[in-house]
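> Residue-level listing of the chains:
Protein chains: 2
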Amino acid sequence: MRRIKIEFAYDGRNFYGVQALKDKRTIQGTLEEALSKLLNEPIKIVTAGRTDAGVSATYQVAHFDTNSTIISTNICYAVNKLLPSDLQVLSSKNASENFHARYSAKQKTYKYFVYVSSHTNPVYDNFMYRCDKDLNLGKMIEASEHLIGKHNFKAFATKSNDIKTYDREIKSINIIQNQKLFTFEITGNSFLYNMVRIIVGSLIDIGAEKYAPSHIKEILDSKDRKNAGKLVPSKALFLVNIEY
Amino acid sequence: MRRIKIEFAYDGRNFYGVQALKDKRTIQGTLEEALSKLLNEPIKIVTAGRTDAGVSATYQVAHFDTNSTIISTNICYAVNKLLPSDLQVLSSKNASENFHARYSAKQKTYKYFVYVSSHTNPVYDNFMYRCDKDLNLGKMIEASEHLIGKHNFKAFATKSNDIKTYDREIKSINIIQNQKLFTFEITGNSFLYNMVRIIVGSLIDIGAEKYAPSHIKEILDSKDRKNAGKLVPSKALFLVNIEY
Numbered sequence: 177m178r179r180i181k182i183e184f185a186y187d188g189r190n191f192y193g194v195q196a197l198k199d200k201r202t203i204q205g206t207l208e209e210a211l212s213k214l215l216n217e218p219i220k221i222v223t224a225g226r227t228d229a230g231v232s233a234t235y236q237v238a239h240f241d242t243n244s245t246i247i248s249t250n251i252c253y254a255v256n257k258l259l260p261s262d263l264q265v266l267s268s269k270n271a272s273e274n275f276h277a278r279y280s281a282k283q284k285t286y287k288y289f290v291y292v293s294s295h296t297n298p299v300y301d302n303f304m305y306r307c308d309k310d311l312n313l314g315k316m317i318e319a320s321e322h323l324i325g326k327h328n329f330k331a332f333a334t335k336s337n338d339i340k341t342y343d344r345e346i347k348s349i350n351i352i353q354n355q356k357l358f359t360f361e362i363t364g365n366s367f368l369y370n371m372v373r374i375i376v377g378s379l380i381d382i383g384a385e386k387y388a389p390s391h392i393k394e395i396l397d398s399k400d401r402k403n404a405g406k407l408v409p410s411k412a413l414f415l416v417n418i419e420y
Numbered sequence: 177m178r179r180i181k182i183e184f185a186y187d188g189r190n191f192y193g194v195q196a197l198k199d200k201r202t203i204q205g206t207l208e209e210a211l212s213k214l215l216n217e218p219i220k221i222v223t224a225g226r227t228d229a230g231v232s233a234t235y236q237v238a239h240f241d242t243n244s245t246i247i248s249t250n251i252c253y254a255v256n257k258l259l260p261s262d263l264q265v266l267s268s269k270n271a272s273e274n275f276h277a278r279y280s281a282k283q284k285t286y287k288y289f290v291y292v293s294s295h296t297n298p299v300y301d302n303f304m305y306r307c308d309k310d311l312n313l314g315k316m317i318e319a320s321e322h323l324i325g326k327h328n329f330k331a332f333a334t335k336s337n338d339i340k341t342y343d344r345e346i347k348s349i350n351i352i353q354n355q356k357l358f359t360f361e362i363t364g365n366s367f368l369y370n371m372v373r374i375i376v377g378s379l380i381d382i383g384a385e386k387y388a389p390s391h392i393k394e395i396l397d398s399k400d401r402k403n404a405g406k407l408v409p410s411k412a413l414f415l416v417n418i419e420y
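Chains as they are written, first to last, in this note's numbering: chain R, 177 to 420; chain E, 177 to 420.
Do not take every clue at face value.
[Unchecked claim] Computed list of lysine-lysine pairs in DSSO-like fashion (alpha-carbon distance at most 27 Å, straight line):
1) R:Lys347 <-> E:Lys356
2) R:Lys282 <-> E:Lys411
3) E:Lys356 <-> R:Lys257
4) E:Lys411 <-> E:Lys309
5) R:Lys406 <-> R:Lys315
6) E:Lys287 <-> E:Lys200
7) R:Lys287 <-> E:Lys411
8) E:Lys330 <-> E:Lys399
9) R:Lys269 <-> E:Lys356
10) R:Lys309 <-> R:Lys356
11) R:Lys411 <-> E:Lys402
12) R:Lys269 <-> R:Lys340
13) E:Lys309 <-> R:Lys257
14) E:Lys399 <-> R:Lys411
15) R:Lys287 <-> E:Lys213
16) E:Lys347 <-> R:Lys356
17) R:Lys356 <-> E:Lys257
18) E:Lys356 <-> R:Lys287
19) R:Lys356 <-> E:Lys399
20) E:Lys347 <-> R:Lys309
21) E:Lys287 <-> R:Lys356
22) R:Lys309 <-> E:Lys200
23) E:Lys287 <-> R:Lys411
24) R:Lys287 <-> R:Lys399
25) R:Lys356 <-> E:Lys340
26) R:Lys257 <-> E:Lys411
27) E:Lys309 <-> R:Lys356
28) E:Lys347 <-> E:Lys402
29) E:Lys340 <-> E:Lys393
30) E:Lys393 <-> R:Lys356
31) R:Lys411 <-> E:Lys411
32) E:Lys309 <-> R:Lys269
33) R:Lys340 <-> R:Lys356
[As the list claims (entries may be wrong)] Derived DEER-like restraints, expressed as beta-carbon distance ranges:
34) R:Ala388 <-> E:Ser336: 31 to 41 Å
35) E:Leu197 <-> R:Ile339: 50 to 60 Å
36) E:Asn270 <-> R:Asn354: 29 to 39 Å
37) E:Lys200 <-> R:Asn354: 31 to 41 Å
38) R:Lys347 <-> E:Glu209: 50 to 60 Å
39) E:Ala281 <-> R:Ile339: 50 to 60 Å
What the hints contain is simulated information worked out from the structure, not anything from laboratory work.
Just so it is clear, the structure is predicted and the values come from calculations on it, not from any experiment.
No residue lacks a Cβ here, since even glycine has one placed at the ideal position from N, Cα and C.
Here chain R stands alone, though its shape is the one from the complex (with noise of 0.2 Å):
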């Protein structure tokens, strides 16, 4: 047995997430079906994210174990051919039996975007969340300070059952305007089910001023799902980055 590094992307709009689930399109059990056709023995991969239902990753990581003796880097050119156009590989490689995607992994960064249109731009709209409302940078840059950091994040998470902890950290968030534009970039250790998208929506509120920035300290405090945000749309929201 050896384990192999792949590297992929996706785009996620017609995916039911990463995880794999019987009788749905997701990530994981489109990689699992190739890989396993290609190298004639069952394949189970470990990705480093679970994005949700909707999400894309212009880079995104897995490894599995196989007993197949075909050159490590000759798997993403003949995997590909197995793919559909939309979850396709980018390296293949040998990995050491320590490497573990998840677990290895030190920090993933995500990207949102947006755009403010009083109208839907059919360009945009394919992969930016409309806002109807003007933003202001200043604002959102200075709330998301309060984020930055160890903290328990239980208000800017959808509840789900195996958690063990809320606490996560996150190590920076830059907000990038270009004219009605704005992109959040996202870097953390590790995110909780939809912490990135409803970071994003509590941002908008501050950036549309119907808070003030410190209202993002008192939802973080409150640790009450029910103060922050709304949950924005999953089509925005891209996997760019995973270091380890």
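Position chain E relative to chain R; hints supplied.
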């Protein structure tokens, strides 16, 4: 009769270009059908730019004349309900009878998106052209400077029948690199058929070090299409601004 100016945007991937063609799904045809239905009279529009099949616009302008007494700013809301999700109007207002969407335009700006990767990245591939060779930004910028100003751009155009002159003026070319992503931003008074895509294809040849930057001047001076680079795909080209 009064003149109305509309601003609109479209994801061009499922349109056969702007110009109305019998039995084809075009931007002009789709807009005219919706406007004629709304205003209850036959409407003919004049667009600022006639983008090719597959080309998108985050910003495009048209004008039309109507006898309807509808409040001009309401046209936008009403017509969008009659338009498909990949073509939407951003604003509508009264214009002076001297305003002409095409002839009054002083300059237009296009963006072309390229990513460098040895494998298809499904996210980028939706709206970027994949180049499998590293691109030298400095050499592409040096090459692009030969194109600024008034020139005969015959070498950078696909032959078409109704051309009176190949003289055009390029006001600026900005090439921006963000890691493996390149954006080519080209502003000019007007453009020949396929001109932006042939210029980008030629600059990519320079970036890939197939030719020296000065080769762009040789192509220009030759006035011969066969010396220029390839016509890169339409999906990565976006009309982004028109100035009056």
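> Decide, hint by hint, whether the structure agrees.
Now for the hints, and whether the structure bears them out:
Between Lys347 (chain R) and Lys356 (chain E) the CA atoms are separated by roughly 24 Å; this keeps the pair inside 27 Å, and the hint holds. Between Lys282 (chain R) and Lys411 (chain E), the direct Cα distance comes to roughly 36 Å. Violation of the 27 Å bound is thereby established for this hinted pair. Between Lys356 (chain E) and Lys257 (chain R) the alpha-carbon distance is near 24 Å, which keeps this suggested pair within the 27 Å criterion. For the proposed pair Lys411 (chain E) and Lys309 (chain E), the alpha carbon gap of about 20 Å is at most 27 Å, so the pair holds.
With a CA separation close to 18 Å, the supplied pair Lys406 (chain R) and Lys315 (chain R) stays within the 27 Å bound. Between Lys287 (chain E) and Lys200 (chain E) the alpha-carbon distance is near 26 Å, which keeps this suggested pair within the 27 Å criterion. Our distance criterion of 27 Å between C-alpha atoms is met by Lys287 (chain R) and Lys411 (chain E), whose separation comes to about 23 Å. A hinted pair counts as satisfied when its Cα atoms are at most 27 Å apart, and Lys330 (chain E) with Lys399 (chain E) qualifies at roughly 5 Å.
Between Lys269 (chain R) and Lys356 (chain E), the direct Cα distance comes to roughly 21 Å. Compliance with the 27 Å bound is thereby established for this hinted pair. Proposed proximity of Lys309 (chain R) and Lys356 (chain R) is supported: the alpha carbons are some 10 Å apart, at most 27 Å. For a cut-off of 27 Å, the pair hint linking Lys411 (chain R) to Lys402 (chain E) is broken: about 42 Å separates their Cα positions. Only pairs whose Cα atoms come within 27 Å are accepted, and Lys269 (chain R) paired with Lys340 (chain R) is rejected, the gap being roughly 33 Å.
Restraint check: the Cα-Cα separation between Lys309 (chain E) and Lys257 (chain R) comes to about 21 Å, which is no more than 27 Å; the hinted pair holds. For a cut-off of 27 Å, the pair hint linking Lys399 (chain E) to Lys411 (chain R) is broken: about 45 Å separates their Cα positions. Pair hint Lys287 (chain R) plus Lys213 (chain E) does not hold up; C-alpha atoms about 41 Å apart against a cutoff of 27 Å. Distance restraint check for Lys347 (chain E) and Lys356 (chain R): the Cα-Cα separation of roughly 24 Å lies within the 27 Å cut-off, and the hinted pair is therefore satisfied.
Under the criterion of a C-alpha separation no larger than 27 Å, the hint pairing Lys356 (chain R) with Lys257 (chain E) is consistent with the structure, at around 24 Å. Between the alpha carbons of Lys356 (chain E) and Lys287 (chain R) the distance comes to roughly 16 Å, so the proposed pair stays at or under 27 Å and holds. Note on Lys356 (chain R) and Lys399 (chain E): the hinted pairing is violated, with a Cα-Cα distance of about 40 Å set against a maximum of 27 Å. For a cut-off of 27 Å, the pair hint linking Lys347 (chain E) to Lys309 (chain R) is broken: about 34 Å separates their Cα positions.
For the hint linking Lys287 (chain E) to Lys356 (chain R), the alpha-carbon distance of about 16 Å falls within 27 Å, and the restraint holds. For the proposed pair Lys309 (chain R) and Lys200 (chain E), the alpha carbon gap of about 37 Å is over 27 Å, so the pair is violated. Our distance criterion of 27 Å between C-alpha atoms is met by Lys287 (chain E) and Lys411 (chain R), whose separation comes to about 23 Å. A distance of roughly 24 Å separates the Cα atoms of Lys287 (chain R) and Lys399 (chain R); the hinted pair therefore holds under the 27 Å criterion.
Distance restraint check for Lys356 (chain R) and Lys340 (chain E): the Cα-Cα separation of roughly 38 Å exceeds the 27 Å cut-off, and the hinted pair is therefore not satisfied. The suggested pairing of Lys257 (chain R) with Lys411 (chain E) holds, with an alpha-carbon distance near 23 Å, which does not exceed 27 Å. For the hint linking Lys309 (chain E) to Lys356 (chain R), the alpha-carbon distance of about 33 Å lies beyond 27 Å, and the restraint is violated. Taken as a hint, the Lys347 (chain E) and Lys402 (chain E) pair is honoured in the structure, with Cα atoms around 25 Å apart against an allowance of 27 Å.
Between Lys340 (chain E) and Lys393 (chain E), the direct Cα distance comes to roughly 23 Å. Compliance with the 27 Å bound is thereby established for this hinted pair. At most 27 Å may separate the alpha-carbon atoms for a hinted pair to count; Lys393 (chain E) and Lys356 (chain R) exceed this at roughly 37 Å. With a CA separation close to 20 Å, the supplied pair Lys411 (chain R) and Lys411 (chain E) stays within the 27 Å bound. A threshold of 27 Å between alpha carbons decides the hint, and for Lys309 (chain E) with Lys269 (chain R) the separation of about 21 Å falls inside it, so the pair holds.
The straight-line distance between the Cα atoms of Lys340 (chain R) and Lys356 (chain R) is roughly 40 Å, outside the 27 Å bound, and the hint therefore fails. Between Ala388 (chain R) and Ser336 (chain E) the C-beta distance comes to about 58 Å, which lies outside the given range of 31 to 41 Å. Between Leu197 (chain E) and Ile339 (chain R) the Cβ separation comes to about 57 Å, which falls inside the hinted range of 50 to 60 Å. Between Asn270 (chain E) and Asn354 (chain R) the CB atoms are about 31 Å apart, so this pair conforms to the stated range of 29 to 39 Å.
A C-beta distance of roughly 34 Å is found between Lys200 (chain E) and Asn354 (chain R), which places it inside the suggested range of 31 to 41 Å. Our hint of 50 to 60 Å for Lys347 (chain R) and Glu209 (chain E) holds, since their Cβ atoms are close to 52 Å apart. The beta-carbon spacing between Ala281 (chain E) and Ile339 (chain R), approximately 56 Å, falls within the hinted interval of 50 to 60 Å.
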